[in-house]
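Undergrad: Sequence:
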Amino acid sequence: MGGIDYLLFEEATGYAVFKVKLQQDDIGARLKEVQEAAKSSSLFKKMVELVSFAPFKGAAQALENANDISEGLVSDYLKSVLELNLPSGSSKETIGLGISDKNLGPSIKEIFPHVECHSNEIVQDLLRGIRTFGFNLLKQLQEGDIERAQLGLGHAYSRAKVKFSVQKNDNHIIQAIALLDQLDKDINTFAMRVKEWYGWHFPELAKIVPDNYEYARLALFIKDKASLDNDSLHDVAQFVNDDAGVAQKVIDAARISMGQDISDLDMLNISTFAQRVVSITEYRKQLYKYLTDKMHSVAPNLSELIGEVIGARLISHSGSLTNLSKQAASTVQILGAEKALFRALKTKGNTPKYGLIYHSSFIGKASAKNKGRISRYLANKCSIASRIDNYSDEPSNVFGTVLKKQVEDRLAFYDTGVPPRKNIDAIAEALQLLGSSKSDIIEEEDSVQPVKEKKDKKEKKDKKEKKDKERRRRKRRIRRGKPMKIKRRRKRRRRRLEQIACLCILSCYVELIGDKSSVVVELSSSVFEGILIGVCFQLTCDMTHNLSAMPRQFVNLPNLINPAVHSE
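Take 1 as the starting number for the sequence shown in the working numbering and just add one per residue.
Just so you know, not all the hints are guaranteed correct.
[To be verified] FRET-style restraints, in silico, Cβ to Cβ:
1) 89 <-> 376: 49 to 57 Å
2) 103 <-> 320: 17 to 25 Å
3) 330 <-> 464: 30 to 38 Å
4) 169 <-> 92: 19 to 27 Å
5) 244 <-> 376: 44 to 52 Å
6) 469 <-> 60: 55 to 63 Å
7) 22 <-> 342: 46 to 54 Å
If you're looking for bench data, these hints aren't it; they were derived computationally from the structure. No experiment lies behind these values; they were computed from the predicted model shown. Backbone N, C-alpha and C define an ideal beta-carbon position, used for all residues, glycine too.
Working from the sequences, and respecting the hints, build out all of it.
TA: Put into structure tokens, the structure is as follows:
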């Protein structure tokens, strides 16, 4: 790593560029003398020197540059400051620039190729010293300017980060769905406690009225079961959805109940607790209505497609609607099943097919073999709906309705085989419902057409290159002696010709030397026709007179010739 030549100091009042006069190393920076020098203003001035200070023109410019730096971007103002104060270098002579945020380095490197950005421990120590003695190093500032600028910029930056639209704020959805889930658990626990407690006095009531909310209201109304008579029929019926039959069963059960009598103090505590259960249940209904209205205003398409509660759970699990819109459809599909996913990856088993979207009605309608397919398709549509909700200026559930119809058509396709509509037709219908003309859609399709043609040309070129590459590869295989059909055929034919020639040589040799050996070869007359006999005779003239000295391949008989071996 090269040395650090300059330092970029981002301050709330502006940008400052310092030149490093004394280079440090990693080992020397840990020395006690160097650490003490960073605490002394006079000694620290010998290490760095101010080159230029460019103050911001106002709070708006300071906030804009702070946002750019937090995102790792180089603003036009910062670019001009670096161009004016850094010397021009080359690819061989680079300039080392120390920065506080390492995410800013790639952006600076892209604009200034000759600048190498560093954000190591030495740079942080030097910038810490500049912050400590900033008032003494920056002569243009007065006392208290840095503190006031930092306070103002901090407030402005915080306000910009938490700035939101009142109608499109998903933080309330996250809190509401979390509270709704918690209330469901608490209501079940408290209602079970009410049934157990009041069951000592009227145990038959739990079987007649299984609903928790109705049971708690009836317990508040009845209190002492001995007070029920036939005149209480209409009063009891209003607590059980005006069902006279259920109300009559309650009155009859109260007359023959086997429960024990309880004191007034015990009944008072039971009634107080039952009243709390009733109030929590009613608040849960209000909270659900609030969540539904909030989802229709923040994410109307997502709530129309998959439901308000499941959509709110997806937003809550992702952290925000923006995070949900950035995730891929495959991630949305298994959102909420991370533990099962990592367990499957660890054990090399089957990965989960669905997460939170399993509670959707579409998954329940699908058959067992189509649940994974429809979950993948539904996750794709949820991803599209969340992006439309997040980036659209005017909320509308038109796209959600069309996407829901597409999922229903896909379910019908799995069951009946009727092909669903194409995506372009569905989106065209949604745009027409929003008021866009079809001519705009056609123009967009025409604008996409050249890109398609360019893609087709590229595919053809890739196929041609692939064929050429395969042809070259086959040639290399032939040269290396790889087994090919043509080469095997030629080799087989050449081997047979060699065997025939060797057999002819052998027979001619035996006749010339007049050997009375035990080997007699009977050959067909078609083998020794023509000039082949003359060639074989010429070859045998140069051979040795000893038959055993002939090569071993000469005695191999081909398949085309029928040898006969006789013993004398």
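Undergrad: Between residue 22 and residue 342, is the Cβ distance one that fits in 46 to 54 Å?
TA: holds (51 Å)
Undergrad: Between residue 244 and residue 376, does the C-beta distance stay in 44 to 52 Å?
TA: holds (50 Å)
Undergrad: Could you tell me whether the CB distance from residue 469 to residue 60 stays inside 55 to 63 Å?
TA: holds (58 Å)
Undergrad: Do the Cβ positions of residue 169 and residue 92 conform to the proposed distance bound of 19 to 27 Å?
TA: violated (54 Å)
Undergrad: Is it true that the C-beta distance of residue 330 to residue 464 lies inside 30 to 38 Å, as the hint says?
TA: holds (33 Å)
Undergrad: Would you say the C-beta atoms of residue 103 and residue 320 sit inside 17 to 25 Å of each other?
TA: About 21 Å separates the Cβ atoms of residue 103 and residue 320, which means 17 to 25 Å holds.
Undergrad: Are residue 89 and residue 376 spaced within 49 to 57 Å by their CB atoms?
TA: holds (53 Å)
Hint compliance for this structure: hint 4 is the single one not met.
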